[in-house]
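Student: Take a look at the letters that make up each chain.
There are 2 protein chains.
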Amino acid sequence: LLSFATSLESSKGFPLVRNINELPQSNYGREGLSHITLAGSLLHGMKEIEVWLQTFSPGSRTPIHRHSCEEVFIVLKGNGTLHLASDVHGRYPGHPKVFPIFANSTFIIPVNDVHQVWNTDNNADLQIVVIVSRPPVKVFIYEDWLMPHIAARLKYPYYWDEECFDTPVRDEL
Amino acid sequence: LLSFATSLESSKGFPLVRNINELPQSNYGREGLSHITLAGSLLHGMKEIEVWLQTFSPGSRTPIHRHSCEEVFIVLKGNGTLHLASDVHGRYPGHPKVFPIFANSTFIIPVNDVHQVWNTDNNADLQIVVIVSRPPVKVFIYEDWLMPHIAARLKYPYYWDEECFDTPVRDEL
Ligand SMILES: [Zn+2]
Ligand SMILES: [Zn+2]
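Heads up: the protein sequence lines correspond to chains A and B, in order.
Take 822 as the starting number for the first sequence in the working numbering and just add one per residue.
Take 822 as the starting number for the second sequence in the working numbering and just add one per residue.
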C-alpha cells in the first residue's frame, strides 16, 4: 500500500536520503583526516546545525582551537583523548585536562573552551560524529597551549568550507 | 608527559566524557522505543542543539509530526522508511513520499515538513542519531496524514522532556 518516492531528489539537488559511503570525503590538507559533511551550511543550506563524520588515522589530531558555538561529539570507533583547557579567564589556555575517549562515548565541549581531540591508538582509526551550532564554524587556532588567547588565529572559512566560499553556488543557498 | 584529568566531572555534575552504555534510557511510554539524550537542553543545559540516540524495535515508528526546527538523522543500524509530506500549503499533509533508509545513510528533514520514521525490518532494530536545533523540541503530532495542519496537537514538553519539566532542576540550568 506504500508507494515509494519516484524522485529521490530534495529541492537543493541532493538526494534526500544519502548513502554516507557515497558522499565526498577529503582530508582538506590535514594529514590523517577524513572529513565528510553530513549536513552543512554551505553545502545543504543548514542555518542552525552542522553535522560532520570524521575519521582520524592513528596519531592524528585536531588543531588546538576554540569556537563560540556549541559542539557535541559521539565516538563511533577507536580510542583517543580529549584535551580541554577550561580557564577562559587567563591570558592563555594553559595545561589542558586530558580525558580518555572511546567507542560509544559522548561529550559536550563548553562554549569557548580551548580543546583538541587526538587519536592516541597506534593501530586503529578514531571515528567521530561532530555536531556544531551556528554554522559555518568560526574557529580560532592556537599553535600551543601557552599561546595567548588574543594571538589565536581565526581560520575562516574553515578547512572544508573553503571550497564552497570560492564558488558562486553559495548565492543559491 | 600527559597527566590525565583527576576529576572527570563537568561543571553540571555530569562526567564530561560519558559512556553511552551507562546513560539512562527509556521508552518514555512509547512502545518499541529506546531513547537516550546524549546532549540535552533540560538535562545538560544545551541552548542551540540537542542530540538523541534512539533505537526502534521491528515495526515501531515515530508519530506523524512536524516541528519548526532543523533536524538531521544518521542511521547507524537497521532498515526502515522515512515518510515525508512536503506540501505545507495544503490544508493537511496528504499522502507522503516514502524513502528507504538504511545503515550508514543520512537525511535532513526540511523545517516544518510533516514526517514519520518507521522500522520496517521484521527482525532487526533501527538505530538512529537524531539532532535538532532550538531545544527543547516543540512537536505537533498528527493522528493521520489527512488531519488538518491546524488540528495537529502540540506535544510540549515532548516525551523525554516531561520528567525534567516536573523537577526544580530546571531552574538551576
Ligand atoms: Zn571544536
Ligand atoms: Zn522530527
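In case anyone wonders, no lab produced these hints; they're calculated from the structure.
It is possible that part of the hints are untrue.
Note that identical chains are pooled: a pair holds if it fits in a single copy or bridges any two copies.
Stated by the list, open to error - As a list, the in silico SDA-like pairs of lysine to any residue whose alpha-carbon atoms are at most 25 Å apart:
#: 1; residue 1: K868; residue 2: N925
#: 2; residue 1: K868; residue 2: D965
#: 3; residue 1: K959; residue 2: E869
#: 4; residue 1: K976; residue 2: Y849
#: 5; residue 1: K898; residue 2: E852
#: 6; residue 1: K898; residue 2: A924
#: 7; residue 1: K868; residue 2: D908
#: 8; residue 1: K918; residue 2: N840
#: 9; residue 1: K918; residue 2: I841
#: 10; residue 1: K898; residue 2: R912
#: 11; residue 1: K976; residue 2: I885
#: 12; residue 1: K918; residue 2: S907
#: 13; residue 1: K959; residue 2: K976
#: 14; residue 1: K898; residue 2: M968
#: 15; residue 1: K868; residue 2: D934
#: 16; residue 1: K976; residue 2: E852
#: 17; residue 1: K918; residue 2: R839
#: 18; residue 1: K918; residue 2: H970
#: 19; residue 1: K898; residue 2: G915
#: 20; residue 1: K868; residue 2: E892
#: 21; residue 1: K898; residue 2: L975
#: 22; residue 1: K868; residue 2: A906
#: 23; residue 1: K868; residue 2: V951
#: 24; residue 1: K918; residue 2: L844
#: 25; residue 1: K976; residue 2: E843
#: 26; residue 1: K868; residue 2: G880
Student: Give a verdict on every hint.
Tutor: Hints and how they fare:
no.: 1; hint: K868 x N925; in the structure: between (28 Å within a copy, 24 Å between copies)
no.: 2; hint: K868 x D965; in the structure: neither (32 Å within a copy, 30 Å between copies)
no.: 3; hint: K959 x E869; in the structure: both (14 Å within a copy, 16 Å between copies)
no.: 4; hint: K976 x Y849; in the structure: within (13 Å within a copy, 43 Å between copies)
no.: 5; hint: K898 x E852; in the structure: within (19 Å within a copy, 30 Å between copies)
no.: 6; hint: K898 x A924; in the structure: both (5 Å within a copy, 15 Å between copies)
no.: 7; hint: K868 x D908; in the structure: between (30 Å within a copy, 21 Å between copies)
no.: 8; hint: K918 x N840; in the structure: between (37 Å within a copy, 18 Å between copies)
no.: 9; hint: K918 x I841; in the structure: between (34 Å within a copy, 21 Å between copies)
no.: 10; hint: K898 x R912; in the structure: neither (35 Å within a copy, 46 Å between copies)
no.: 11; hint: K976 x I885; in the structure: within (12 Å within a copy, 42 Å between copies)
no.: 12; hint: K918 x S907; in the structure: within (8 Å within a copy, 47 Å between copies)
no.: 13; hint: K959 x K976; in the structure: within (7 Å within a copy, 35 Å between copies)
no.: 14; hint: K898 x M968; in the structure: neither (32 Å within a copy, 43 Å between copies)
no.: 15; hint: K868 x D934; in the structure: both (23 Å within a copy, 16 Å between copies)
no.: 16; hint: K976 x E852; in the structure: within (17 Å within a copy, 47 Å between copies)
no.: 17; hint: K918 x R839; in the structure: between (38 Å within a copy, 16 Å between copies)
no.: 18; hint: K918 x H970; in the structure: within (17 Å within a copy, 50 Å between copies)
no.: 19; hint: K898 x G915; in the structure: neither (29 Å within a copy, 41 Å between copies)
no.: 20; hint: K868 x E892; in the structure: both (15 Å within a copy, 11 Å between copies)
no.: 21; hint: K898 x L975; in the structure: neither (30 Å within a copy, 38 Å between copies)
no.: 22; hint: K868 x A906; in the structure: between (29 Å within a copy, 21 Å between copies)
no.: 23; hint: K868 x V951; in the structure: both (16 Å within a copy, 17 Å between copies)
no.: 24; hint: K918 x L844; in the structure: between (35 Å within a copy, 23 Å between copies)
no.: 25; hint: K976 x E843; in the structure: neither (28 Å within a copy, 37 Å between copies)
no.: 26; hint: K868 x G880; in the structure: neither (33 Å within a copy, 33 Å between copies)
The structure does not agree with the numbered hints 2, 10, 14, 19, 21, 25 and 26 stated previously, though it agrees with the rest.
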